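*Asks:* Residue numbers (the numbering used here), protein chains in the order written: chain A, 328 to 543; chain B, 4 to 637.
Check before you lean on any hint, since a few could be wrong.
Computed beta-carbon distance windows for the label pairs [claimed, not checked]:
(1) A:372 - B:479: 33 to 43 Å
(2) B:531 - A:356: 48 to 58 Å
(3) A:392 - B:606: 40 to 50 Å
(4) B:473 - A:350: 15 to 25 Å
(5) A:356 - B:439: 34 to 44 Å
(6) A:533 - B:606: 45 to 55 Å
Please keep in mind that the hints were generated in silico from the structure rather than gathered at the bench. Every value quoted in this text rests on a predicted model; they were computed, and no experiment measured them. Virtual Cβ for every residue (Gly too), placed ideally from N, Cα, C.
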Amino acid sequence: MNNILLLEDLPQIRAWLKNLVLLVFPGARITECSRVHDALAHVSSGLRFELALIDLGLPDGSGTDVVAALRDAQPEAQSVVVTIHDDDEHLFPALQAGAFGYILKEQSRELITEQLTRISQGEPPLSPSIARKVIKYFAAQNQPAATAMPEVSLTERESEVLLRVAKGFTLPEIGVQLGLSRHTIADYVKQIYRKLNVSSRAEAALEAQRLGLFRR
Amino acid sequence: MIRHTLACQVTTPGNDLRAICRAWGMALALVALLAIGAATHAAPRLLERAQAVALTPAGQPDGAPPRELRLPHAWDARWPGPGGLAVYRLVFEPQPSDGDLLGLLIERACSTLTVSLNGRLIFWGGQQVEPVSRQCQQPQLVSIPAALVLPQGNVLELRLRGYAPGEVGSATHAGGLSPLRIGPYQSLVAGFKQRTALAVRLPEIAGGTLVLMGGFMFVLGWFHRKQSYLAYFGALMIGWALILSQLWSTDLPWSNRHTELLLATLVGFVTMAAVQFLMRYAGWRMRWLDIGLPLQCGVMALSLVVAGESQLHPVASSWYLVLSLEVLAAALFYLNQVRPRQTKQLWLMGALLVLIALALLTELAVRHWLLDARIGQLAQLVPALLLIVLGMRLVQQYGRALLSAEKGRAELEVRIREATAQIERNFAQLAELKVEQVTARERKRIAADLHDDLGAKLLTIVHTSDSERISTLAREALEEMRLSVRGLTGKPVRLADALGDWRAEVVSRLAQSGVEADWHAPGEDDVPQTLSARAFVQTTRILREAVSNVIKHSGASHCSVRCSITGGDFQLVIQDNGEGIPAALDGHLDKGQGMASMKGRAKQLQGQCLVESGPGYGTVIRLTLPLDRHVMPG
Numbered sequence: 328m329n330n331i332l333l334l335e336d337l338p339q340i341r342a343w344l345k346n347l348v349l350l351v352f353p354g355a356r357i358t359e360c361s362r363v364h365d366a367l368a369h370v371s372s373g374l375r376f377e378l379a380l381i382d383l384g385l386p387d388g389s390g391t392d393v394v395a396a397l398r399d400a401q402p403e404a405q406s407v408v409v410t411i412h413d414d415d416e417h418l419f420p421a422l423q424a425g426a427f428g429y430i431l432k433e434q435s436r437e438l439i440t441e442q443l444t445r446i447s448q449g450e451p452p453l454s455p456s457i458a459r460k461v462i463k464y465f466a467a468q469n470q471p472a473a474t475a476m477p478e479v480s481l482t483e484r485e486s487e488v489l490l491r492v493a494k495g496f497t498l499p500e501i502g503v504q505l506g507l508s509r510h511t512i513a514d515y516v517k518q519i520y521r522k523l524n525v526s527s528r529a530e531a532a533l534e535a536q537r538l539g540l541f542r543r
Numbered sequence: 004m005i006r007h008t009l010a011c012q013v014t015t016p017g018n019d020l021r022a023i024c025r026a027w028g029m030a031l032a033l034v035a036l037l038a039i040g041a042a043t044h045a046a047p048r049l050l051e052r053a054q055a056v057a058l059t060p061a062g063q064p065d066g067a068p069p070r071e072l073r074l075p076h077a078w079d080a081r082w083p084g085p086g087g088l089a090v091y092r093l094v095f096e097p098q099p100s101d102g103d104l105l106g107l108l109i110e111r112a113c114s115t116l117t118v119s120l121n122g123r124l125i126f127w128g129g130q131q132v133e134p135v136s137r138q139c140q141q142p143q144l145v146s147i148p149a150a151l152v153l154p155q156g157n158v159l160e161l162r163l164r165g166y167a168p169g170e171v172g173s174a175t176h177a178g179g180l181s182p183l184r185i186g187p188y189q190s191l192v193a194g195f196k197q198r199t200a201l202a203v204r205l206p207e208i209a210g211g212t213l214v215l216m217g218g219f220m221f222v223l224g225w226f227h228r229k230q231s232y233l234a235y236f237g238a239l240m241i242g243w244a245l246i247l248s249q250l251w252s253t254d255l256p257w258s259n260r261h262t263e264l265l266l267a268t269l270v271g272f273v274t275m276a277a278v279q280f281l282m283r284y285a286g287w288r289m290r291w292l293d294i295g296l297p298l299q300c301g302v303m304a305l306s307l308v309v310a311g312e313s314q315l316h317p318v319a320s321s322w323y324l325v326l327s328l329e330v331l332a333a334a335l336f337y338l339n340q341v342r343p344r345q346t347k348q349l350w351l352m353g354a355l356l357v358l359i360a361l362a363l364l365t366e367l368a369v370r371h372w373l374l375d376a377r378i379g380q381l382a383q384l385v386p387a388l389l390l391i392v393l394g395m396r397l398v399q400q401y402g403r404a405l406l407s408a409e410k411g412r413a414e415l416e417v418r419i420r421e422a423t424a425q426i427e428r429n430f431a432q433l434a435e436l437k438v439e440q441v442t443a444r445e446r447k448r449i450a451a452d453l454h455d456d457l458g459a460k461l462l463t464i465v466h467t468s469d470s471e472r473i474s475t476l477a478r479e480a481l482e483e484m485r486l487s488v489r490g491l492t493g494k495p496v497r498l499a500d501a502l503g504d505w506r507a508e509v510v511s512r513l514a515q516s517g518v519e520a521d522w523h524a525p526g527e528d529d530v531p532q533t534l535s536a537r538a539f540v541q542t543t544r545i546l547r548e549a550v551s552n553v554i555k556h557s558g559a560s561h562c563s564v565r566c567s568i569t570g571g572d573f574q575l576v577i578q579d580n581g582e583g584i585p586a587a588l589d590g591h592l593d594k595g596q597g598m599a600s601m602k603g604r605a606k607q608l609q610g611q612c613l614v615e616s617g618p619g620y621g622t623v624i625r626l627t628l629p630l631d632r633h634v635m636p637g
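Chain B extracted, bound-state conformation (with noise of 0.2 Å):
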């Protein structure tokens, strides 16, 4: 499952750099929108004056004189005091253009306010006891009635709650007001509704957009701990989530002080989560930030409940700037470890860093000084976006490393699958060698044997017997014995080397009895096949056998022999000129035999042996053996 999902979301690095440019051309094209939006508001008029009473935390008015000032208005430490309830007082005149509904746009109105007009509450934003409501980033739009409306000397109160700017960590954050715009409600509410937009709904989106890919990347990086900057990258994305919520999370359950407490320590939380990430996907490990960081994120959150409620903005600050500098520090110290490695890489993360490091500046602007809203909305929201871009990298990055991982592992298996066939067939061959050897071995102490103790006794029979006979049959079961340890002991035979080493002996055999020999085999290219040791001596016997019988009996003056291979069989034909077999002799026990012997010779090699044979005629012997049968091809 997490393949799939990894597979769908591989891109090339060409890629991720044009979402970089889309994301930056989203952000500008809203700026513009809104720019634009704000220009088209040509009908609403703007309040600008008005008069400020602080009041006391009772909600009383504290005595003094009204203030006569000009919106926009901040709050500082003095006015309007503890207590953090002030009113303003406007006043409007309706114009005939404004038709049935009024609109009243307030662009910022920090933290919290209720609108009255003519003594009468119209609006009412949020809560002004603790927790009070956090409004600062968000506009209002107040609809007046026309019917609620004077024709002249309409009074607008505004009741606001806020705080001191010493009490927040930002200056987004502290009490003030915005200039006011009034007009048809109809011509507010376009403007009104972009200015949500990108307050609230943006953030919102972006917020649970990171919410779901950090949790989903700290769950890959805790589950390998070898990718850990995949866990500290998510932790990255929920903090930073966290952060953003206070754009549109108004209503917490606990008190300003401890919103902004947290919030201070959110970030440090997302500075120790960032410095992590970097330091890691460079591929350092140092155990000296593994403890540092969150003691000093614990430190932080000390000295910021110490520090107490009115200095929580200049201790927040100067942490603040120590955070982004250990930030800033560690983004070097990644770009000069990935420069010697990828180019690609190296721009890629290099142009995120630089416009995180602009967005986080703009960031810092916007906690001093108050700047438009926009501006510093537009300052969280941009990092969160290049943090979604740069989570999708680096998933793609993972998914890349897992497909390679698991082309290397059946690359593996198949190559231990292949050493393993390896080694059985080696082990198969040594076997084989080595029941070769043994029986080789064998045979030899055999023949051995044989030669020695039977051999010996046989030639001694040979030669001090007084019968010729008994010479002749010994010196017969020599021979025979010679051959059988032939076939017990020899190698395959060649066809061309048999041929050549019957044709030796029947021609001088033949010679020497004074019978004319002729011989007819085929030339040495054309007898590929080999014979196994075992045929080449049964067919050696039976060649020896009917060349003996031409010799002893026939009374031939001519004999030929003639051998070819045809269609996969061997074939020799042994013809002689001489008396052929008498028909009486065929039972007799030696004639008989010797035919008898050739015949089962033969069938022993699965071929056979024919015999035609006739007073005048002569005799010939036909042996047909098939060659596939035993033979060893090559």
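So here's chain A without its partners, still in its complex pose (with noise of 0.2 Å):
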């Protein structure tokens, strides 16, 4: 892990992620910024980063438009959404813009590590709440108007997967019902995570071609 983004406006909070970031990645290099603006500025630097961690409410605007634009410029970089909110509505657009995972600001320090040494371990968090939310979305997508795209409807074990979390079943507990390992869980989510992002994007450029944005 050698390249960090880091977007956050209040000071403090910027400072103490730093410090944070440092503990579980030791020698990293952390590249720092307050504004979306300087951030789109970096990602499209060419500077390549491993991990973006990118507060949502900013300033200037979302983070969530850092997020698309580190996927669209850098596939290969994880970025983990840091916020307060932890309702689904702020949540599950960064998700489909492609985030990889989140990450709530107020906990304590033990648990921040632990969640981003996990995600940094390839264990994005999936909540009940968020879950339902994938799942509608979805079963939206499987109505006749949308384009056939195979690779992003969900497998039959990724929607149990879904379901259960929906349920409020831990990830272990999971793997312990379907007779799984935590691993291919955790598998399961990031496919379903990477999916939403994709068709998301596919139904974007729907839209915009749609309305014309697209010029052949």
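Hey, can you piece these two chains together into the complex? The hints should help.
*Replies:* The structure is reproduced here in structure tokens:
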């Protein structure tokens, strides 16, 4: 983990996050910015990031745009949304834009450390309310109006995992129920997020085409 | 009131045809009856030979020798000349079978006569000076007591006052005498009554009916300009009744010439009414007819006045021809218009019009040639009957139209009421939606403000304070703030979803703290209920408080949470195997505040929270919430 982007407007929080990140990933180079404008500049500057911690509520825009830009420019980078809001209305768009996970800002240092580690190990978090929203999203996508894109519809396993998460089971419990390892379950969650992103981008592109924004 | 009257007269088209047939049948039966009546007079004798002498206007014989003639005798333009007086002399012999009272039946004596027997006046028919009684259509029956009859050589003198054919509009009113019948009075009476019935009674009744119905229809049509044909039909009926009145109105206060003029003008009026009726009934309104027809009436009247007394008949006859052709043309036009529409109506009207045409033709014939009086009377009665039938049909149509208009109006009212209710509903919905929108927007604004300002400050405290305790407090405050915002802006939550959220949080928190967690809740299909956002938030707080107590203070190794729905209540039981709440700590600020706040929150939701605890026993927290109080079903 060499290059990490940190986007947060409150200076104290930014300092605190920076310390935390250095704890988890010692030796990493941290690029700090406090505005969307600066972050976008950094994204397109050519510097390759492995991890980006992005706040949602910024003075000159939403962190979701940075997530989307990062996904476009550097698909291998993992963006993690760091936010106060825990409700799915704020988080879901970020996830659709390609965020890999989310962290709630006010949690204790230990918790955040643990979550960061897990995320970097490929285990993104998934809360029941987010899971419900994902289920609803993919159910709406299965309508005939949607274009046929087999790689963005959920497999049966993925749907099962989502359902159980929505019911409140933890990942280890799901692993026990389905007879799979925790790692496999985490892989499923990653796939779900990826498909969510791809599907959302396809939907957005379709909408833009319909509105005549694309000129072929 | 009108509705009720109309309802009584509603008949079906089939009934109309039957009514017409009935009318005709009656007429024919009447004729047959009269024929039979005429045929049964075998006993009376016929007197046909007479001597006639013309009189001067002063009433004296004109000096010419008496004429020998044969009855029936019709006057011509030269005999008996001006003055219109003539005397007929007949001789008869009494028979032994005559009995005590003889009768003399005079079928037709136009216009009026007096009868003298052997020089003595025995019968006076009517006025012989102007205005002359008009008794042309009525038979006369003279009773002759046997005491006045000589054994032989009885001379009957009939003094007749009448008019030359040129002076009257119709041959029926031209002067003349029919053959006489003499015989026993009783044998003549029946025939006389029958003839009188046909000549006088029936026309009176028909005339009265026509006037009544005509007046009624005229009023209907007057008030309903759209159906002006009714008014014209009413006028037609009244006009025809007036024409019919010539059959029974014998003594009028004005001279014969005036009567004849009036009658002729009435025919013009009736034609106008008939033509307009047919036109309007067909649905056409022609301006030139509206002006031309009354004008024609006036011209006709004028021409008759100008024509002079002796030329009345030819002028009137030519006018009648013209008028009949006009009516015929109008009838044909009507039939042509109705043809594409309804066939039942067509047949009905067609039949009626043909019958009336026949009657009119008969009438025209009667005016020119003197046929049996009965034919002329029938020719005038039959159209009256048909007019009445047609009138009833028109009224039935009108009634039906009225009923359907009422029904249409009622339907319209119902539809308007429905539409109004729909509009009101939509409006209420829109208003509700608007209020919801505004409220939601306000709440979002408050939430955003809270997050941005308060949340940011609390966050700073969490991460920059040195004291762990203060950080924790600030963290808890931030979580509380989030929950409050959720309670403020959140939509109702499905109970199944809430259970999922709670499970994830409780199990992971307990697992992180090393407590074995046990969660039991009903399956997703068994909980269709919904919780309001506020109820969800408060229950979440209670649950969090309870779990925090288990983690921080109980020292338990195992905690089970059971959710169930029993009898409309949501029940939550949290049990741990910890130390329990020491009695001494009951008054402690932290612990006591937690318990009190749990109980307070439960009470706010109209539920209750019971705590059982004891050293070595563990703690059981029982939360009961009624679901129907703050639940929106489905």
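*Asks:* Where does the structure disagree with the numbered hints, that is, which hint numbers, in rising order?
*Replies:* 5
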